[in-house]
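Asks: Residue strings, one per chain:
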Amino acid sequence: MNKTRMAEVLAAHAEGLIGRPEAMQRLDMTAEERSRLTPLFQLAERLRQSMQPVRPSAAFVRSLGRELVDNARRQVALAKRLRRAAMIGAAALGSLVSIASVVGAIVFVVARLRARAQARALHAPTG
Amino acid sequence: MHEESDAELIARAKEDPEAFGLLYERYVGSIYNYIYYRTGNHHDAEDLTARTFYRALKHISRYVDRGAPFSAWLYRIAHNVVANWHRDTKRRQIISLDELVMGALKREDPATLTEEYEEQDMLLQAVRRLPPERQQLLILKFVEQMSNAEIAQVMGRTEGAIKSLYHRTLVALREDLISQENRREEITGRTKDE
Chain A
1 MNKTRMAEVL AAHAEGLIGR PEAMQRLDMT AEERSRLTPL FQLAERLRQS
51 MQPVRPSAAF VRSLGRELVD NARRQVALAK RLRRAAMIGA AALGSLVSIA
101 SVVGAIVFVV ARLRARAQAR ALHAPTG
Chain B
128 MHEESDAELI ARAKEDPEAF GLLYERYVGS IYNYIYYRTG NHHDAEDLTA
178 RTFYRALKHI SRYVDRGAPF SAWLYRIAHN VVANWHRDTK RRQIISLDEL
228 VMGALKREDP ATLTEEYEEQ DMLLQAVRRL PPERQQLLIL KFVEQMSNAE
278 IAQVMGRTEG AIKSLYHRTL VALREDLISQ ENRREEITGR TKDE
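Residue numbers (the numbering used here), protein chains in the order written: chain A, 1 to 127; chain B, 128 to 321.
Next comes chain A alone, as it looks inside the complex (with noise of 0.2 angstroms):
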């Protein structure tokens, strides 16, 4: 018996424990593949029992839930708050950037009309 098969015959045997005989029902297993398999088998039928869910207990199921709820709304206010932050901060930088541009555009004009009225009085014609 190859690899393949084994892997095939095994994984056919879990499903079966688990309540999904379908798979077992296909195979066509022999006498030899059956025997050889049973330590296999057996294993595995322990693995069943010994490996049954557990339950959390309800008080911590229940105070966790709680808390992770708490958490959850934290989380979401503080985003919320530093959107808001961002979103003052982004206004407040545009306002800088306008008030900073006028007052550069005041300068530049300023500066430019009293560069014409110093070049104006250098070449008025004296006396």
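It should be emphasised that the hints constitute simulated quantities derived from the structure, not laboratory data. Certain hints may be false.
Stated by the list, open to error - Here are the simulated PhoX-like pairs of lysine-lysine, each with C-alpha atoms no more than 25 angstroms apart in a straight line:
id, chain 1, residue 1, chain 2, residue 2
1, A, LYS80, B, LYS185
2, A, LYS3, B, LYS141
3, B, LYS141, B, LYS185
To be verified - Distance windows between CB atoms, simulated:
id, chain 1, residue 1, chain 2, residue 2, range
4, A, ALA59, B, ALA138, 23 to 33 angstroms
5, A, ALA59, B, LYS185, 22 to 32 angstroms
6, A, ASP70, B, ASP174, 16 to 26 angstroms
Unchecked claim - Computed footprint of chain A on chain B, listed as stretches where at least three residues anywhere in the stretch have a Cβ under 8 angstroms from a Cβ of chain A:
id, stretch
7, 148 to 158
8, 177 to 187
For glycine and all other residues, C-beta sits at the position ideal for the given N, C-alpha and C.
Following the hints, put chain B in place on chain A, whose structure we already have.
Replies: Chain B alone, transformed into the frame defined by chain A:
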């Protein structure tokens, strides 16, 4: 009533805390079982389950659906949390009294009780000595009762790879149990000689 899918809840959880609560309720049992069978005791299972969900909450806003089930993402977080726990505490072998097992055994004959419990305990300890992905496979198969196709989705492998991994896992587990049994007999023999 229409039950929201995981994808809908995840999208909502990024803004709505209640949605994360629903995801938690849906998966807390599975994650707890996974961690319980990896650690072997309820106390650490509670602690690490809490850590897993806190970590999930922290990163849910960055969760990207890549086609794998949401549980795969949670199991990955749980796996990392358990790995860190093993590294930090070096407590690989914690022998615990599984309440369910004890509950079942208490009803039986006290003479066979110890032997049966010992065997079961040896098996679960051997399971915990397996590499993490093999432990996960056994937990998903026998505790969560998932089909091979479902396990393949959660573990991000093909169904064929899962079947082959299951085969190798059983063989390795059997070898480990045989060597443990031999060692035990050796020790018992030595004690008798003395």
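Asks: Determine for every hint whether it applies to the structure shown.
Replies: Verification of the hints:
1. A:LYS80 / B:LYS185: 15 angstroms, holds
2. A:LYS3 / B:LYS141: Distance ~46 angstroms between LYS3 (chain A) and LYS141 (chain B) Cα, so the pair is violated.
3. B:LYS141 / B:LYS185: 10 angstroms, holds
4. A:ALA59 / B:ALA138: 23 to 33 angstroms: This hint holds: roughly 31 angstroms between Cβ atoms.
5. A:ALA59 / B:LYS185: 22 to 32 angstroms: 24 angstroms, holds
6. A:ASP70 / B:ASP174: 16 to 26 angstroms: 19 angstroms, holds
7. 148 to 158: With 5 residues closer than 8 angstroms to chain A, the stretch 148 to 158 of chain B meets the three-residue bar; holds.
8. 177 to 187: Since three or more residues must qualify, the claim that chain A covers the stretch 177 to 187 of chain B holds, with 5 doing so at under 8 angstroms.
In this structure, the one hint that does not hold is number 2.
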